[in-house]
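**Q** Below, each chain spelled out in residue letters.
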Amino acid sequence: MPTLIIDDREITVKPGTTIMEAARSLGIEIPHFCYHPSLSIAGNCRMCMVEVEKMPKPVISCAMPVNDGMVVRTNSEMVVKARRGVMEFLLINHPLDCPVCDQGGECKLQDYAVKYGPDRSRFQDKKRTVPNYDLGPVIETEMNRCIHCTRCIRFSTEVAGVEEMGAIFRGDHMKVGPCPGHGPLTSVLAGNLAELCPVGALNLKPFHFQARGWELSKTEGICEHCAVGCHIRVDSMENRIYRIMSRQCSSINLDWLCDKGRFAFEGMTEGRLQVPMMVPESGGPQVEVTWNQALDRVAALIQGVAPEEVAGLAGSWGQGGEELYAFQDFLRHVVGTPHLDHRLLRKDFSPDSIPLLRADLMLNTPLQDMERADAVFLIGAGPRFEMPLLNLRLRKASLNGASVWSLGPRHLLSKLENLEEAIVLPGEEADFLRKVLNAMTTRRGPKAAVAWANALRKAQRPVFLLGRFAVNHPNAETLRRLVLAVLGKAEAVEPGWNGYNRMISGNGAGAHDLGVVPQRGPGYTKLGRRGMNAREIFEQSALGKIKVLFLMGLDMESDTVVEYLAAAAQAGTKIIFQGAFHSAAVDKVDVVLPGLVHGEKFSTLTNCEGRVQRSGRVVHGPIMAKEDWRILRALSQRFPQELPYDNLQELWEAMGREDRHYDPAVVDSGEIPKACDHGVGLTEGLECGAEVDAEENETDRLVLILEPSFYRDTPMSRRSSTMTKLDGVEVLRISGKEAKKHKIVAGDRVCIECNGHRVEVRTVVDERVKGGVLLGTREAMRELGGEKDGFLQVTLKVL
Amino acid sequence: MEPEIQKNLPRFSPEALEKTEKIFKRYPPEYREAALMPILHLAQREFGGWLSAEVIEYVAGFMNLSPIRVYEVASFYTMYNLKQVGRYHVQVCTNISCWLCDSDSIVKALEKCLKISVGQTSEDGRFTLAEVECLGACVNAPMLQINDDYHEHLTPEKVVGIIGQLP
Ligand code: SF4
Ligand code: SF4
Ligand code: FES
Ligand code: FES
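Chains as they are written, first to last, in the working numbering: chain A, 1 to 799; chain B, 1 to 167.
Bound-form chain A, shown alone:
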């Protein structure tokens, strides 16, 4: 291991380390523009020059590997002079824009110019000008300011895998930008370009001219928009959030954020519920009431029926552990009903009788380790749009040579290399996995299945990922067990490697941990009696058997929810809604209790690896709205048994007593909690589930698969203007075969019908969609009503 001296300090590093990295580990900052710890080395800005003894000229530290006995100086006369020269050249064509530049105050060029640059320019000629580009709703360009560091190009190519930026023309005509005729950036990671760009050439468009960096107060937080749980920094001023930036975390999000995590917050102030409302005793539309009136009414409604006739449903997205815990505590111990759930889109509840453990429900391969996978199997998963930052890890694995195998109803736009797709009709997934299982031992079967088996047999670090489609599949449990069975047959697996992973959405992990399910209490404790699951609750309330339905933080625009609630209201079920966003369905409920959203309250979020992280308050919500757990706490005062916590600390302690992961001493210790620390292993020894018939494949049968749109799948993102702009045109994807059969030409408008509902939509012919399958976005086809048991069977007419 080479030992070297940097600025009179000795350090021993791994061979191959660069001088820059060695200096950084000593805490010595060498000025740089093109170097970025998460990108490849470019060595083109020349700002990082240092003096190395016995070398005649300064060397660039970002690209120079260390040698034993090197003596490096980062601040010698030679270095200072070299830096000044580089700065002078960089500033030749740089506009004097700082006063009107978004980057001002947090710009490397500005800082270094002050620190190392010459105090005046000797350049007499005309500066060159470069045109700007329209890169879509996320990125604003001012290309005159570009210093050609190529970070944006390297990010797009290496990390995002969407080659959209490039260096065009050459020499002093070189420009950084997209290809002519380009559309907006599509990487779902575009915001990172602005964060990466060391100068003000690429800026965040929504933040353009909104504030100066130094005016904003910066709060550390956790992203709530998917279960990756990226570390974020929230920049706010005067009770308004201006932007969200990434916070480096090597085990979770590296240096990046996805565009949803960055801009969905815009929706947090739109369409909020401001005051408690309720339908007066005499009927009619809702009226504004005081908190006391509203809570008294809720208590009266609940006390007016038997505890068993009350049920609760919580949303998994946007709910912190605090309210999830209080919610189940309230229903179980204050009201006394076992009926509560958060799994609204689930179709298969069969494992509830076992029931599953923590490791069964979440990732078992830490995100960081996914990079090292050598074979990735995606079961009904589209990681790029389900968890963008998880996909980056898989992409790294695939770039390192891992093979990627996908099973599902559609092709993936995953930006993964070496991808082999097994596209099967919905319902046939289990069948395929069974063939793989068979091929694991017999080495025989259909070609695709044998290829899977061969890859898995060799794999030392396989990763199986059950995605959203598999989790909400009618045969979800069968698929899950088959995955376990198949994995069990893999023999080359490294000891200690667990390749079973199940994706989870929103704070679903927190909801499971804290017991917002009918089959388990908080901390996965066994219960004396299992309550009704989400499906049963919905159905029983539509039959009037559940008389009071308490909803917390549900997506009241979700097609499934809206339809069930309408049926429940018809049956006379009283509905109480506690949440933050207004919608047509909220207008119809009996009592509305306005709550807060992430960023306005403390929330504890559990990510897909089971890490429990806390995010603080940044701004205040609507004046009358209240922190969600406090609403439940206040409500419980109207019952004989009160919730036993008066402040956050007590609540956190209560949570910690139920589940060790929530122990405040651990969560608030400042350390990032351990990933995949699930304790007891997977539930083992389960049969693979009954043979499910692959549904009959009649010729005319058309299955519509609805996918949530990445940018608009939650109430908050739907209200964000940037998300709305990013969300593409809504189309229906159809295979060439099917298009021919129905005489559809790409671009035709068609009408889809299902259970008496219909929608019109434009089609796109996409050869990678399976015949018999239509692909649409959930948001576009809301009118069709949600899926309940199986898949949506539709008919298609050309208009």
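The set of hints was computed from the structure by calculation and includes no laboratory data.
Incorrect hints may have been included.
[What the hints assert, rightly or not] Pair ranges (Cβ atoms, derived): (1) B:49 to A:771: 42 to 48 Å; (2) B:61 to A:88: 42 to 48 Å; (3) A:218 to B:83: 54 to 60 Å; (4) B:131 to A:123: 21 to 27 Å.
[To be verified] Derived lysine-lysine pairs resembling DSS-like cross-links, with alpha carbons at most 30 Å apart: (5) A:347 to A:545; (6) A:435 to A:347; (7) B:115 to B:83; (8) A:175 to B:83; (9) A:626 to A:588; (10) A:126 to B:83; (11) A:127 to A:108; (12) B:108 to A:127; (13) B:83 to A:127; (14) A:126 to B:108; (15) A:57 to A:81.
[Said to hold, decoys possible] Take a look, some chain A residues computed to stay more than 12 Å from chain B by CB distance: (16) 108; (17) 156; (18) 304; (19) 419; (20) 450; (21) 753.
All C-beta atoms, glycine included, are put in the ideal place defined by N, C-alpha and C.
Given chain A's structure and the hints, the job is docking chain B with the ligands onto it.
**A** Using the frame of chain A, we list chain B with the ligands on its own:
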């Protein structure tokens, strides 16, 4: 968010496709993208002497590269034309040897006789006049190139003659 329908892009003729096969054979299979430069050249010949955005997109698809990678290469080399050129692409060398032998007068003569200045295309679309760097014919400076042909040992009078003789 997802790619839209394929546009109607130009396509290589069967003969050109045959040529691409030959070009690919010149490079090891794992460096297939090395064939990009000759293929762009072929495309330029095939599609009217210049590389439009559609052609670049087609070549990108053909080579399995992203359009920006192709555009980077096409814009780096001046011999790929990114703007439409006339039927005759007149490229006058004004680099050192030719300049010493008075290439300025050649440029002037051309500008006068074609009634366009450097960088322009005549209204009838016959001529495009361009200044280029050394074309490697310094021994016979000054010189110019019209499409694929070199014309050397030039004088202003000769130039007018050459232009006049073009069909
Ligand atoms: S736009 Fe920014 S990140 Fe990209 S090359 Fe220019 S300075 Fe670097
Ligand atoms: S990947 Fe998930 S957690 Fe990370 S920024 Fe995007 S939505 Fe937030
Ligand atoms: S940081 Fe080393 S050359 Fe740019
Ligand atoms: S300088 Fe004109 S051909 Fe070389």
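**Q** Any hints from earlier that this structure breaks? Give me their numbers in increasing order, please.
**A** 3, 17
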